[in-house]
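*Asks:* Each chain is listed here by its residues.
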Amino acid sequence: MIGTDGTAPERPSNGHLIRIEHLAKTYQLGEVEVHALRGVSLTISRGEFVAIMGASGSGKSTFMNILGCLDKPTRGTYTLEDIEVGKLSRDELAQIRNRSIGFVFQGFNLLSRTSAIENVELPLLYSSTTQKDRHQRAIRALEAVGLGDRVHHFPNQLSGGQQQRVAVARALVNDPSIVLADEPTGNLDSRTSVEVMDVFQQLNQKGITILLVTHEPDIASFAKRQIVFRDGKIRSDRPTTDPRVASTILKEMPAIDEEDDE
Amino acid sequence: MKLMNILISAFRALHRNKMRSFLTMLGIIIGVAAVIAMLAIGQGAQFSVEQQISALGTNVLIILPGAQQTGGVHMGAGSATTLTEEDAQAIQRECPSVGLVSPGTRAGGQVIAGNLNWATGIEGTGPDYLEIRKWTVEYGDFYTDQDIKSATKVCVLGKTVADNLFPEQSPVGQNVRIRNVPFKVIGILAKKGQNAMGQDQDDIIVAPYTTVARRLTWYPYLRQILVSAISPANISVAQRQITELLRMRHKLVTNDADDFTIRNQADLATAATATTDILTILLASIASVSLLVGGIGIMNIMLVSVTERTREIGIRMSVGARSRDILTQFLVEALVLSLLGGITGILFGVVGSSVISGIAKWPTIITTFSIVLSFGFSIAIGVFFGFYPARKAAMLNPIDALRYE
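Chains as they are written, first to last, in my numbering: chain R, 1 to 262; chain B, 1001 to 1405.
The following block holds chain R by itself, in its conformation from the complex (with noise of 0.2 Å):
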């Protein structure tokens, strides 16, 4: 199964998987400086299942690329399996991208006029895995979010939860440290949202760290952990209060027009 199959990388087992100490992230827009972060720590550990929430505009975007190693913070340190990633060059963070981090997007971001396998090996083409190799593990990341019989289709031939199902698929199949979600059901409606939900609870239950940015209550509340930034800074951490469970919702939900098979 994903992240329990013994291929994962040994990982340190002191401390926290992610350690963040007076984050800052400062743009130039012009003659302005943009304060994005303004100091930001927080420390989350193997298995936490985290929902970043806030205002468009409260810098929790920002907090999402630099976590997922897109950009590098103006200040503060940021430490990811004991490695200060603020110190890297662009191609050791592509590595570290690669090895350690899972992305979900909003438009889904597959390939096009690529096959479902294909998207979910692209990853691996970028690590040193035997083209054999490559193909079991995407097979059994597809297995892992219930797409098993939709190897071959095409991102066009697929609905949008599919999609999401492929790239979730995408994220987990170098066996990352974290997935990194940013609103993954942004695109999809809400019994297709509850859908994704579930997955990402299942994957959790795994022990696979996740964390989820949103700006939906409802979606944050199916998360173990919220954060809540404003203008650059947490507002409040606090765990959720009896998250609600996916599985037990949709079964509860009326069936509409089994749009999963077109």
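Treat the hints as calculated values from the structure; they're not laboratory data.
Any given hint could turn out to be false.
Below, computed lysine-lysine pairings styled on BS3-like, alpha-carbon distance capped at 30 Å [to be verified]: (1) B/K1134 x B/K1184; (2) B/K1002 x R/K72; (3) R/K132 x B/K1002; (4) B/K1149 x B/K1159; (5) R/K206 x R/K251; (6) R/K72 x B/K1392; (7) B/K1002 x R/K87; (8) B/K1392 x R/K87.
Knowing the structure of chain R, use the given hints to seat chain B on it.
*Replies:* For chain B alone, kept in the frame of chain R given last:
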């Protein structure tokens, strides 16, 4: 990323835009085909010129008498009365690098056979003339040393002369009258065709030089001496030996100018090939312009492709592609375009050249060099024009690329 995977994804990317990839390649195909065809035409021209010159014999030296000088007025090469039979015999005897020697004189005139007549040049030569000029007799015989000694009135007709004077019968054994002197035809020369200057080399009658001098020109001096060196490599040694010998025989002191001129075919060949070289370079450079235009086409389409696929680049970067992975990917795509175009272009160029030589009756030669050159050029164009777009892609910021609409 392994090379095989890069190649597979490059082919896929190009396959996704078949028409566009084909049109881009077409620029390179036309450019390469043009370069191959133009080089083939140029090389063909050069080859035929070289062949015509070597048909004269590349180890041949022509010794001409010097210019006569009367009161400071030069009369033109060959006008002086400085070359004699004895000079020719001495060259044969005393120059070790000289193989064969044929003394020569020349007359012009009307030739009559029966009720037909023809104006042509009469070449007085020695018996070795044919071997020096690498020529053969097609029918009959050639004259011998004996004929030279006794100045026999025999002659051998060039093909053109034979065809004009004896259209219906074999001339061998017949008589012709040259300036009213009867000559017996003993042979016909093989057809030689035009020389490098376009003159018909078969419009000629050859006869013993002694006969021509005594019966036709009444001029005791030689107009030229034709000499062959023992090998093409010995030609300059032979030239030096002849110069020394003739200066000594003509009693020239150190400061006197030569009273004779030695021409060799190699000089002529050099001049002629220089001309065709210029032709080849000219044709090839015109063709390379189209290759350059093809390259710009590749750059253009790669830039469009990078812009179109900005989001794809962002996705690849987010899952761990490094800058150099992206750079290689786009560079390989450009290379595949230019290489496929180059190979197709070579095929078209080869086929096109043979079509040209078939239709225009123009010799074309495709050398390995021209194929290697165009192949190398297409690789260079792929790298050169592919690099800028590829670098542009590799330098994209992953966040901006992911957000690109």
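*Asks:* Take the hints in turn and mark each one as holding or not.
*Replies:* Quick rundown of the hints versus the structure:
1. Distance check on the hinted pair: B/K1134 and B/K1184 sit about 24 Å apart at the alpha-carbon level, within 30 Å; holds.
2. For the given pair, B/K1002 sits about 29 Å from R/K72 by alpha-carbon distance, which is consistent with the 30 Å threshold.
3. With a C-alpha separation of about 14 Å, the suggested pairing of R/K132 with B/K1002 holds against the 30 Å cut-off.
4. Our distance criterion of 30 Å between C-alpha atoms is met by B/K1149 and B/K1159, whose separation comes to about 26 Å.
5. The straight-line distance between the Cα atoms of R/K206 and R/K251 is roughly 21 Å, inside the 30 Å bound, and the hint therefore holds.
6. With a CA separation close to 21 Å, the supplied pair R/K72 and B/K1392 stays within the 30 Å bound.
7. Distance hint between B/K1002 and R/K87 is fulfilled; the C-alpha atoms sit about 28 Å from each other, no more than 30 Å.
8. Note on B/K1392 and R/K87: the hinted pairing holds, with a Cα-Cα distance of about 25 Å set against a maximum of 30 Å.
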